[in-house]
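J.: Sequence:
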Amino acid sequence: MKAIEIRETGGLDVLATVERSTPELNDPEDILVKLCAAGVNPVDTKVRANGPMLPDGLPAVLGCDGAGVVEAVGSDVTRFKPGDEVWLCCGGIGGPVGNYAEYILLDNHLAQAKPRSIGMTEAAAAPLVLLTAWEALHDRARLCEGQRVLIHAGAGGVGHVAIQLARAAGARVCTTVSSADKADFAHALGAEFCINYKDEDLVESVMEWTEGEGVDIALDTVGPEVFRQTIPAMAHYGDLVTILDPGDALDLKEARIRNLRISLELMLTPMLRDLPRARVHQGEILRRCSHLIDRGDLRIHVSQTFPLAQAAEAHRLIEQGHVTGKLALTMD
-5 MKAIEIRETG
5 GLDVLATVER
15 STPELNDPED
25 ILVKLCAAGV
35 NPVDTKVRAN
45 GPMLPDGLPA
55 VLGCDGAGVV
65 EAVGSDVTRF
75 KPGDEVWLCC
85 GGIGGPVGNY
95 AEYILLDNHL
105 AQAKPRSIGM
115 TEAAAAPLVL
125 LTAWEALHDR
135 ARLCEGQRVL
145 IHAGAGGVGH
155 VAIQLARAAG
165 ARVCTTVSSA
175 DKADFAHALG
185 AEFCINYKDE
195 DLVESVMEWT
205 EGEGVDIALD
215 TVGPEVFRQT
225 IPAMAHYGDL
235 VTILDPGDAL
245 DLKEARIRNL
255 RISLELMLTP
265 MLRDLPRARV
275 HQGEILRRCS
285 HLIDRGDLRI
295 HVSQTFPLAQ
305 AAEAHRLIEQ
315 GHVTGKLALT
325 MD
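Per this note's numbering, the sequence shown runs over residues -5 to 326.
Treat the hints loosely; a few may be bogus.
[What the hints assert, rightly or not] Derived Cβ-Cβ restraints for the label pairs, each shown as a range: (1) G51 with R110: 28 to 38 Å; (2) E205 with D288: 29 to 39 Å; (3) R271 with D50: 24 to 34 Å.
Worth flagging that the hints you see were computed from the coordinates, not collected in a lab. For glycine and all other residues, C-beta sits at the position ideal for the given N, C-alpha and C.
Generate the whole structure from the sequences, applying the supplied hints.
T.: Below you can see the structure in the form of structure tokens.
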């Protein structure tokens, strides 16, 4: 099978198309999936540039999420049969298991039935960002109906699904964007109020929208500076969640005075620490998101696709920033 492999860390040139043996069933709980597409995420570019997140992780096949068709099943598998369509979030952080490939072998419990109403490309691009947004909003911030929620970078991969998940829960949403086109995109997803961070002051805009009270929940998808800027935009007793390392230079005096609950979100933890119960929970999240997708309350926006061999071009776009929605690789 063809796969995109890295044998050393570095720039775009370390991404190499290689021929690997197609994996074979070696455990009665395994399934072999013929991948149709793979999502491309910022973590892929970080693993390529900085190294695998698992020890002895080179050579590595990148790609944390994908979608495809079950080709073969182990003797104990009852959840799937050959021909079933699945989506999954497995591998891609070090070692030979990843979704930048034509096949992936995995425990059947790590895959879920693909939403019926979307194609393989959208399904492949969805799991990592859906799990991140759901865990951040529901598990970390305890999202409730009627709350006011700030989603940073609402036109991005995590941001565009976070807007929709918050709206599906009955929350009111404001978001930050970098252009009028992205504001239109965010409004179409359900954002009530958009802040162009290039031209508008974040705190002043949030306070205007909330009549001086601040937001109940904020999701930082950008990094330390945005995390710090968001603290004075929070309501007292609010929840501030970040999906990135907030950095060492933190002054949390104002956060403490506001009695903020600060949470860190990394959906890769179940893979990094081999936590089966957490993986079961993530499977339930994907099942619930599948229901939202199939009833029309959640959509995945893939702005551009690339053939598998052009993974470097997808990485280049992500590293330039400002991708709308998601990118995906296709195996055709």
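J.: It remains to establish, for every hint, whether it holds in the given structure.
T.: Going through the hints against the structure:
no. : hint                       : verdict
1   : G51 with R110: 28 to 38 Å  : holds (35 Å)
2   : E205 with D288: 29 to 39 Å : holds (37 Å)
3   : R271 with D50: 24 to 34 Å  : holds (26 Å)
Checked against the numbered hints given earlier, the structure satisfies every one of them.
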